[in-house]
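K.L.:
The primary structure of each chain is shown beneath.
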Amino acid sequence: LKILIIDDEDDIRRISRLALGRVGGMDVVDAASGVSGLALAIAEAPDAILLDVMMPGRDGPETLSLLRADPRTAHIPVIFLTAKAMASEVERLRALGAAGVLTKPFDPMSLAANVRAILGTG
Amino acid sequence: MSPIASRMLRLGLPLAALVVAGGVLVEIVLERSELNLLESRQDAGVDLAMRLFTFDMASVDSDLAAVSTFEEIAPALDPEDVYSRARLARAFLTFASSKRVYEQVRLLGSDGRERVRVSYRDGRATIVPESELREADAHERGFFEEALKLPPGTVLVSSLKLSVENGAVVEPPRPLLRLVTSVTSEEGGMRGVVSLDYLARDLLGNLESASKATPGAMLLLDREGYFLRGRVPDEEWGQLISPRSEKRFGVAFPDAWKVIQAGLGGGLMTSSGSFAFRTVRLGSPLTETFGGSGGQLWKIVSLVPAGEVVAARRRFLGVVAIGDVVLLMIIATGVFFVATQRARADEKERRALSHLREAEERYRLFFERNQAGVYRSTLDGKLLECNEAFLKLFGLETREEALERPTASFYADERDRARIVDRLLVERKAVNEEILFRRRDGSTRWILASMGLVFGADGSPGMLEGVLVDVDDRRRAEEALRASEARLHALLDNMLGGLFMADPRGILELVNPAAEKMFGYTSAELVGKYLGTVLSLPPGADPDVFLREVLGKSLGKVTELEGKRKNGEIFPFELSLFQVDTPEGRRFAGSIVDVTERREVDRLKREFVSSISHELRTPLTSIRGSLGLLAGGVLGPLSPDAAEIVAVAERNVVRLIGLINDILDLERLEGGRLEMEFESVEAAAIVERALEAVRGFAGQSKVVLVVEPVSASVRVRADADRLVQVLVNLVSNAVKFSPAGGAVTVRVALALGMAEFQVEDRGRGVPPALREAIFERYRQVEASDSRRKGGVGLGLAICKSIVEQHGGAIGVRDAAETGSLFWFRIPLVSTHRPSLSGSVKGARGLALLVDDDEELLAILELRLAQDRIATQRATSAGEAIAAAHALKPDVLVLDLGLPDGNGSQVVEALRQDKTLRDLPLLIYTGRDLLQSERDQLVLGPTRYLTKSRETEDEFCSTVRDLLTQTRKKGGPV
Numbered sequence: 001l002k003i004l005i006i007d008d009e010d011d012i013r014r015i016s017r018l019a020l021g022r023v024g025g026m027d028v029v030d031a032a033s034g035v036s037g038l039a040l041a042i043a044e045a046p047d048a049i050l051l052d053v054m055m056p057g058r059d060g061p062e063t064l065s066l067l068r069a070d071p072r073t074a075h076i077p078v079i080f081l082t083a084k085a086m087a088s089e090v091e092r093l094r095a096l097g098a099a100g101v102l103t104k105p106f107d108p109m110s111l112a113a114n115v116r117a118i119l120g121t122g
Numbered sequence: 001m002s003p004i005a006s007r008m009l010r011l012g013l014p015l016a017a018l019v020v021a022g023g024v025l026v027e028i029v030l031e032r033s034e035l036n037l038l039e040s041r042q043d044a045g046v047d048l049a050m051r052l053f054t055f056d057m058a059s060v061d062s063d064l065a066a067v068s069t070f071e072e073i074a075p076a077l078d079p080e081d082v083y084s085r086a087r088l089a090r091a092f093l094t095f096a097s098s099k100r101v102y103e104q105v106r107l108l109g110s111d112g113r114e115r116v117r118v119s120y121r122d123g124r125a126t127i128v129p130e131s132e133l134r135e136a137d138a139h140e141r142g143f144f145e146e147a148l149k150l151p152p153g154t155v156l157v158s159s160l161k162l163s164v165e166n167g168a169v170v171e172p173p174r175p176l177l178r179l180v181t182s183v184t185s186e187e188g189g190m191r192g193v194v195s196l197d198y199l200a201r202d203l204l205g206n207l208e209s210a211s212k213a214t215p216g217a218m219l220l221l222d223r224e225g226y227f228l229r230g231r232v233p234d235e236e237w238g239q240l241i242s243p244r245s246e247k248r249f250g251v252a253f254p255d256a257w258k259v260i261q262a263g264l265g266g267g268l269m270t271s272s273g274s275f276a277f278r279t280v281r282l283g284s285p286l287t288e289t290f291g292g293s294g295g296q297l298w299k300i301v302s303l304v305p306a307g308e309v310v311a312a313r314r315r316f317l318g319v320v321a322i323g324d325v326v327l328l329m330i331i332a333t334g335v336f337f338v339a340t341q342r343a344r345a346d347e348k349e350r351r352a353l354s355h356l357r358e359a360e361e362r363y364r365l366f367f368e369r370n371q372a373g374v375y376r377s378t379l380d381g382k383l384l385e386c387n388e389a390f391l392k393l394f395g396l397e398t399r400e401e402a403l404e405r406p407t408a409s410f411y412a413d414e415r416d417r418a419r420i421v422d423r424l425l426v427e428r429k430a431v432n433e434e435i436l437f438r439r440r441d442g443s444t445r446w447i448l449a450s451m452g453l454v455f456g457a458d459g460s461p462g463m464l465e466g467v468l469v470d471v472d473d474r475r476r477a478e479e480a481l482r483a484s485e486a487r488l489h490a491l492l493d494n495m496l497g498g499l500f501m502a503d504p505r506g507i508l509e510l511v512n513p514a515a516e517k518m519f520g521y522t523s524a525e526l527v528g529k530y531l532g533t534v535l536s537l538p539p540g541a542d543p544d545v546f547l548r549e550v551l552g553k554s555l556g557k558v559t560e561l562e563g564k565r566k567n568g569e570i571f572p573f574e575l576s577l578f579q580v581d582t583p584e585g586r587r588f589a590g591s592i593v594d595v596t597e598r599r600e601v602d603r604l605k606r607e608f609v610s611s612i613s614h615e616l617r618t619p620l621t622s623i624r625g626s627l628g629l630l631a632g633g634v635l636g637p638l639s640p641d642a643a644e645i646v647a648v649a650e651r652n653v654v655r656l657i658g659l660i661n662d663i664l665d666l667e668r669l670e671g672g673r674l675e676m677e678f679e680s681v682e683a684a685a686i687v688e689r690a691l692e693a694v695r696g697f698a699g700q701s702k703v704v705l706v707v708e709p710v711s712a713s714v715r716v717r718a719d720a721d722r723l724v725q726v727l728v729n730l731v732s733n734a735v736k737f738s739p740a741g742g743a744v745t746v747r748v749a750l751a752l753g754m755a756e757f758q759v760e761d762r763g764r765g766v767p768p769a770l771r772e773a774i775f776e777r778y779r780q781v782e783a784s785d786s787r788r789k790g791g792v793g794l795g796l797a798i799c800k801s802i803v804e805q806h807g808g809a810i811g812v813r814d815a816a817e818t819g820s821l822f823w824f825r826i827p828l829v830s831t832h833r834p835s836l837s838g839s840v841k842g843a844r845g846l847a848l849l850v851d852d853d854e855e856l857l858a859i860l861e862l863r864l865a866q867d868r869i870a871t872q873r874a875t876s877a878g879e880a881i882a883a884a885h886a887l888k889p890d891v892l893v894l895d896l897g898l899p900d901g902n903g904s905q906v907v908e909a910l911r912q913d914k915t916l917r918d919l920p921l922l923i924y925t926g927r928d929l930l931q932s933e934r935d936q937l938v939l940g941p942t943r944y945l946t947k948s949r950e951t952e953d954e955f956c957s958t959v960r961d962l963l964t965q966t967r968k969k970g971g972p973v
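Going line by line, the protein sequences match chains C and F.
Mapping to the working numbering: the first sequence position 72 is 72, numbers consecutive.
Mapping to the working numbering: the second sequence position 394 is 394, numbers consecutive.
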């Protein structure tokens with residue numbers, strides 16, 4: 001299972017890589033912005049994308065629409081990662097076409113399991 | 001001829017000549033004396049008549065001065081000010097009823113329209129309704145316009161005329177004198193005229209009494225010589241009654257009229273008779289007359305016709321002729337006879353003098369009994385006479401004391417007198433002024449002085465006459481009132497908070513500058529307007545209903561409302577509404593504070609809390625992730641010490657995250673921004689999910705979780721996630737505060753249409769004093785707890801907020817054994833009304849009885865059951881609200897004193913629910929309620945019964961009655 005992480009925070013990317021790679025045994029690639037993430041998604045064709053919502057430049061929802069607009073990435077399931085845990089926020093993100101929504105801070109030991117649960121590959 | 005006879009003749013002739021000469025002499029002396037007496041009596045008579053006339057006029061004049069200073073006059077000039085007009089009409093009414101000599105008392109505007117009219121007829125004064133007020137006719141208008149030109153305080157008087165009704169002179173003729181004076185509003189902007197129609201009965205009555213003391217007739221003539229008082233009624237009022245237009249003094253006595261018309265006073269004898277006369281000015285010496293100065297000079301004339309004068313002479317001639325003959329024989333008899341005549345004459349004179357004295361006595365009484373101080377003084381300041389009231393006014397004991405003092409010394413400022421005398425001499429008209437006078441003891445008083453000059457027979461000013469009315473109390477009260485009003489105004493004008501006052505219909509009566517500024521209107525624009533003008537109504541709301549609700553809801557407390565500025569801007573304000581009872585009735589007063597800024601600050605604070613919390617999450621995610629990976633051994637095994645320390649760090653990061661979530665939750669709950677999705681949820685599922693979440697923690701704490709079975713049929717209307725959050729919180733707390741090896745029991749009970757979730761522990765319990773406090777923010781049972789057990793204590797505050805948004809209640813009580821029992825109640829799903837009325841077959845309806853007196857409840861239930869009314873009971877405010885929501889009863893019976901609050905809270909809560917707002921309500925309480933309390937306690941049809949006062953039958957019939965009201969509204973069958 002190959003996962004692309006798009007997050008502007010270096011530390012979060014680092015932890016996510018460990019949580020998904022070391023704990024979850026997944027292949028992990030990461031990008032620090034929406035634009036580089038899009039390029040990487042085309043290049044790497046990951047099985048799923050973990051996408052931060054609040055980013056400078058193109059934010060999560062914008063990046064999602066870019067991904068959806070490109071036929072090469074349109075099919076890849078996207079899981080949002082957000083610091084806003086409100087029900088309305090979760091609803092809004094789902095409505096944009098995300099496969100799932102995970103909230104920060106997350107438990108690194110169960111992150112991979114949660115991703116698998118959303119993708120239905122658990 | 002015998003020598004004796006001739007001697008007798010010689011002797012007799014000179015004797016006879018002597019006697020005849022003596023007789024003639026006697027006749028001349030007697031006749032002269034008789035004529036002198038006649039003249040002097042006539043003169044005294046007209047003089048008295050003149051004084052009475054003048055005095056009467058002075059009284060009327062001072063009445064007009066008093067009326068024109070009524071404080072209601074100035075505001076009543078404003079055509080819009082209905083209220084002041086009504087007050088003035090009442091003041092006029094009192095005046096007219098007490099004086100009884102004014103046929104009409106009126107206020108007219110400068111437009112010639114009557115503003116207020118009070119008429120006095122047949123002993124009754126009445127206020128003329130607004131609809132019957134009219135414009136002055138053309139004739140009157142000229143008169144009023146002249147009055148308007150005169151400075152205020154000057155009296156203008158019309159000629160004497162007859163009262164006219166329906167265009168015809170009233171029979172018997174009723175003479176009227178119209179006096180007017182101009183008035184101005186305080187700002188001087190509006191002018192008007194006060195008018196008195198004086199019924200001149202007394203004026204003519206005085207002539208009547210003076211004529212009793214005078215021989216012949218006493219006449220009153222106007223300047224054309226028409227008789228205002230004639231010898232016979234038939235010759236009077238020739239100037240007004242056309243068939244009598246030839247009845248004039250000048251026609252009857254042309255010679256005398258020439259002299260009388262030209263002179264100011266005196267006497268004359270013509271072939272027609274003996275005349276004495278005086279000139280009087282129409283009105284008092286203090287008055288202007290219509291048509292300019294000198295316009296209305298009237299004549300008082302005493303007339304003794306020639307016939308009577310000649311008769312007097314003849315009597316004497318006859319006496320002398322016979323006397324001559326008789327005296328030839330007996331002079332002694334003649335002398336005796338003459339003496340007798342003298343005595344008779346003396347007697348006659350005495351009688352005349354006594355008449356005169358009587359009339360003077362009448363004048364004196366009139367003068368003395370007047371409540372106003374009346375005096376006359378010389379121009380250079382010597383007091384000539386004064387009445388009792390004058391002495392009282394100045395605190396003097398004897399008249400001598402008064403007469404000794406120079407009149408200037410009566411004035412607080414001696415220069416006032418000189419100033420007034422100068423003014424009188426220059427202007428030659430009345431001075432009406434409030435002047436500060438000094439009493440004997442040195443104290444000063446405000447006195448309304450009407451002063452004028454009395455003109456002598458030659459037309460030169462001879463004396464000063466004054467009428468003094470003490471207005472000190474009024475003046476000082478006015479000054480005190482003005483000072484107090486000024487203080488209040490300064491307060492209202494300068495306070496920063498807005499203030500308004502409205503009548504019970506919501507019409508604004510007062511708005512202070514701060515409120516003007518807030519709403520953007522001027523006070524003048526708002527006063528008289530509806531309070532709703534400045535409120536922002538919810539769309540589609542009926543303004544009347546909305547306002548009534550607002551007034552009801554806001555009374556006695558602070559509420560937040562939305563206001564509407566003149567420019568349409570909507571803004572939030574805080575209203576503290578209170579009731580005040582004023583002499584004009586009940587009023588609502590409101591203190592208002594614009595909370596736009598406070599709202600903005602609140603919003604910024606919430607945004608700040610929200611954004612700072614989110615900002616914190618990013619670093620926390622990293623820390624938590626790092627520690628999690630370390631603790632999970634992902635990065636290689638840790639030494640036992642390192643693993644322990646990493647676990648500590650991880651645990652505390654998790655706590656920190658929880659805390660931030662709590663803060664966010666609470667902030668959202670209080671901002672009303674935490675969305676809830678209510679659905680039908682099984683209570684059992686909630687319990688299961690909550691226990692799942694805390695099982696691990698309980699295991700670590702070595703606390704046993706016991707769950708009592710929950711029936712699957714128990715369903716609540718709730719947001720499941722939020723309810724789980726509440727239950728998790730309570731169970732975690734219970735675990736936290738339980739000793740190791742202890743047990744925490746969770747169960748769900750049913751109570752009055754609510755599901756009660758209970759969490760029972762064996763901990764140390766919650767002291768009763770803290771049972772409410774722990775549900776407030778940042779509280780724990782002991783301060784040290786927060787360190788020992790963790791958490792700042794936001795949890796219970798959040799629970800309370802969530803439960804209340806479910807329409808439920810939360811609390812804590814002692815557990816059956818040791819420890820505490822936390823509970824919260826959530827309304828059951830009301831698919832159908834539970835068949836609680838099962839015990840009553842064919843019930844007419846369901847009554848919810850709320851009272852903490854269980855014995856009374858039992859009695860009432862029994863009694864209502866006999867009437868086939870099903871009942872359900874609640875013993876606290878919380879239960880009552882929940883039961884009303886769940887059961888939707890047909891009638892609510894409510895006691896006010898409840899263990900957990902007040903019945904008014906129940907009413908308040910039910911009013912929020914559209915389905916319960918119109919619920920028939922019976923307030924059944926231990927004491928009589930004030931009307932203001934009743935006004936607060938209303939749902940649908942509402943009745944009030946006092947427990948000790950009404951019988952149970954009364955109670956039942958009231959409940960039955962209320963049930964029929966439900967039925968009428970298409971309520972349940």
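Think of the hints as simulated: they come from the structure by calculation, not from any bench.
Possibly wrong hints are sitting among the right ones.
[Unchecked claim] Covered stretches of chain F, as calculated for chain C (at least 3 residues, CB under 8 Å): (1) 256 to 262; (2) 655 to 668.
[Stated by the list, open to error] If you anchor each label on the Cβ, the simulated ranges turn out as follows: (3) C/A39 - F/N567: 38 to 44 Å; (4) C/D70 - F/E692: 51 to 57 Å; (5) F/A642 - C/T121: 33 to 39 Å; (6) C/T121 - F/D918: 34 to 40 Å.
Each residue gets a CB set at the ideal place from its N, CA and C atoms; glycine is no exception.
K.L.:
Decide, hint by hint, whether the structure agrees.
P.N.:
Hints versus structure:
1. Counting residues of the stretch 256 to 262 of chain F whose beta carbon lies closer than 8 Å to any beta carbon of chain C gives 0, which falls short of the minimum of three for the stated coverage.
2. Counting residues of the stretch 655 to 668 of chain F whose CB lies closer than 8 Å to any CB of chain C gives 4, which reaches the minimum of 3, so the coverage claim holds.
3. In this structure the hint that C/A39 and F/N567 lie 38 to 44 Å apart at CB is violated, the actual value being about 54 Å.
4. With their beta carbons about 42 Å apart, C/D70 and F/E692 fall outside the hinted range of 51 to 57 Å.
5. As the Cβ distance of F/A642 to C/T121 is approximately 35 Å, the hint placing it in 33 to 39 Å holds.
6. Between C/T121 and F/D918 the CB atoms are about 58 Å apart, so this pair departs from the stated range of 34 to 40 Å.
Comparing the model with each earlier hint shows violations of hints 1, 3, 4, 6; every other hint is respected.
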